[in-house]
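Asker: This is what each chain is made of:
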Amino acid sequence: MSSEEKTGGLLSHNEWARRDLRWLFGSAQALLFVLLILIGLGPVVWLAKGAITPTIDTLRNPLALFPHGVAWSNLTEAWSQVHVGRYFWNTVVLAFGSWLCQIVVATTGAFVLSVLRPAWGKFIYWLLLGTLFVPAIVLVVPLYIEIVHPPLIRHSFVESYWAIWLPAGASAFNVVLMKRFFDNLPRELFEAAKIDGAGPVRLFFSIVLPLSKPILGVVSIFAILAEWKNFLWPFLVLTNSPDRQPLSVRLPAIQPQTQIGVLLASMLIASLVPLIGFLVFQRTFLRGTGLGGALKG
Amino acid sequence: MLVIFTAFSWYPITRLVVLSLQTTNLVDPPSWVGLQNFRDVLNDPLFMTALKNTAYFALLALLFGFPIPLIAAVLISESRRFRGAYSALAYLPVVIPPVVGVMLWRYVFYEPSSVGLFNTVLGWFHMGPYGWLQSTGTAMPALVVESTWANAGTTVIIYLAALMSVDRDLYDAASVDGASLWRKVWHVTVPQIRGVLLVMFMLQIIGTAQVFLEPYLFTSGGPANATLTLLLLVYQYAFGNSIGVGFGQAAALSLMVAVFLAIFSLVFLRLTRSWSTT
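Top line first, the protein sequences correspond to chains P and U. Sequential numbering of the first sequence, starting at 1057, is according to this note's numbering. Sequential numbering of the second sequence, starting at 3, is according to this note's numbering.
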């Protein structure tokens, strides 16, 4: 709000100079800031506090700040006795596999559609765009049956991680996002490489992939975050193997027999990876969200 | 890529249509029953309940989730120095895993005894304690509040991106011509971001029509089916009792929701095409 700023926004400089408007907007912004801290940061801070507060204190007065000291033991107990450590690694493995599958499908698919452009590419692209309009509710039941009784293969994928990794790859959104990015790469570069004798494989690994680091970052972050948050699908296909379930499925299951302090510690552990990831890659997160909006718009 | 999409996207979509016309239990070969599944669903009294609840959820979610992020985004876009901090704070709840969010709200914030966090705060003013999730009247709004908390960050960021992409020169030109603040909002901002607003409105309807996690983890559809939503009903048909018996009905109901959403989107896009600038 300093006067050195030259770019005018909705409010021009004259309007920022007007006392009434400035007061109104300034106080509205201040109020928003307080609310955002309370609503956005508050629950996270409370969760972190609750995770290291003895259960009895959380139960007696949830807003008191460590009336009887800090219970670091909540965290260790959650990690080893409640086996949150194991579920944590399950989640990591699931997220990694889903990420790999999505990246392979999205990059190769977009490469074919955008760079190689075969004659049937247009048709496939329309089919892909079509699936963007199909709501997710449609897939739950038929996909479940397909996983239990796959056609052609006489082997059920239920209770296996493949049941989560492979369907994760079928994200039309990723392919479309990636294709739009590839479309904007300079085509002269591809022509030059072809003249120099580079085949499609070489073209893909030496030119297209290195140029698409920004979009790869966005897709990767959202792929990992989505799998970390996923609940319904792993809950359905890993029902009978608690030892292989990710955190999101286990947390509600361990709730009845876990005291609240340890439960909060488990919940904090489950949130740490996305939270730290967000703090580190904040720009990518926010840019990617805006990008998604632009694509939808 | 073709294999993955055929196997996990195009094939299941086709399979759904087939399933909705069959009765199957995963053991015996399925048999064709025509439209019987659809009739079963439409005659199920729970269907009307779920439909009403889902519409109620969608309506409440729009009331909370449409204007609040927009006002927040406008205020944030006018802040020069702290834009990053505002956006990060607004987005923070989005990165919390939804299951953690729901459990935090269920067992701490909405805890019905006097030591629940909300009830503690209300206790300072000698109100409550309230059983937020236990009463049929407050259960659904309670779910929507949590869901808005968990999702509004995305909406704020998308609005913010749209607002920031409005050409600054238009504002300057309007100011030079002596346009007041309200005229600028009405004649510059609104037309420029109308496309995004309309699409977000549509996406929110599509999203809320398929709400599952909140009603499932908060209340399992209770109390007295007050939070039973359509997708929860699909889940109950398919996996509720003995697995497999209700697959036909589940498929029929999902198909109806999907077709409704498709028609809604088409009509919505058609109707709003004339006043969308982008």
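No lab work stands behind these hints, which were simulated from the structure alone. Check each hint, because a few of them may be wrong.
Counterexamples of contact, computed for chain P against chain U with all Cβ distances above 10 Å [unchecked claim]: (1) Asn1117; (2) Val1171; (3) Ile1193; (4) Glu1202; (5) Gly1333.
Here are some chain U residues pointing at chain P (derived, C-beta under 7 Å) [claimed, not checked]: (6) Asn45; (7) Ser222; (8) Pro225; (9) Val261.
What the simulated footprint calls covered on chain P by chain U, stretch by stretch (three residues with Cβ under 8 Å from a Cβ of chain U suffice, anywhere in the stretch; the number is not a length) [said to hold, decoys possible]: (10) 1172-1178; (11) 1185-1191; (12) 1212-1221.
A virtual CB, placed ideally from N, CA and C, is assigned to each residue, including glycine.
Asker: Mind taking a look at whether chain U covers the segment 1172-1178 of chain P? Criterion is 3 or more residues with CB to CB distance under 8 Å.
Answerer: Answer violated; 0 residues pass the 8 Å Cβ test.
Asker: For the segment 1212-1221 of chain P, does the count of residues with a C-beta closer than 8 Å to a C-beta of chain U reach 3?
Answerer: violated (count 0)
Asker: The hint names Val261 of chain U as touching chain P; please verify it with the least Cβ-Cβ distance against 7 Å.
Answerer: 10 Å, violated
Asker: Verify this label for me: Glu1202 of chain P is non-interface relative to chain U, using a Cβ-Cβ cutoff of 10 Å.
Answerer: Check fails; 6 Å does not lie beyond 10 Å.
Asker: Does Asn1117 of chain P really sit off the interface, with its C-beta more than 10 Å from all C-beta atoms of chain U?
Answerer: 7 Å, violated
Asker: Is the coverage entry for the segment 1185-1191 of chain P by chain U consistent with the three-residue Cβ rule at 8 Å?
Answerer: holds (count 4)
Asker: Interface hint check: Asn45 of chain U, Cβ to nearest Cβ on chain P, cutoff 7 Å. Holds or violated?
Answerer: The hint is violated - Asn45 of chain U has no Cβ within 7 Å of chain P, the shortest such distance being about 20 Å.
Asker: Does Val1171 of chain P clear chain U by more than 10 Å, comparing its Cβ with all Cβ atoms of that chain?
Answerer: 14 Å, holds
Asker: Taking the shortest Cβ-to-Cβ distance between Gly1333 of chain P and chain U, state whether it exceeds 10 Å.
Answerer: 7 Å, violated
Asker: Close enough to count: is the Cβ of Pro225 of chain U nearer than 7 Å to one in chain P?
Answerer: Not OK, violated: Pro225 of chain U not within 7 Å of chain P, min 18 Å.
Asker: Please verify that hint: Ser222 of chain U, Cβ, nearest Cβ of chain P, below 7 Å or not.
Answerer: 11 Å, violated
Asker: Just double-check Ile1193 of chain P for me: nearest Cβ-Cβ distance to chain U has to come out over 10 Å.
Answerer: At about 5 Å from chain U, Ile1193 of chain P fails to clear the 10 Å cut-off, so the statement is violated.
The structure is inconsistent with the numbered hints 1, 3, 4, 5, 6, 7, 8, 9, 10, 12, although it conforms to all the rest.
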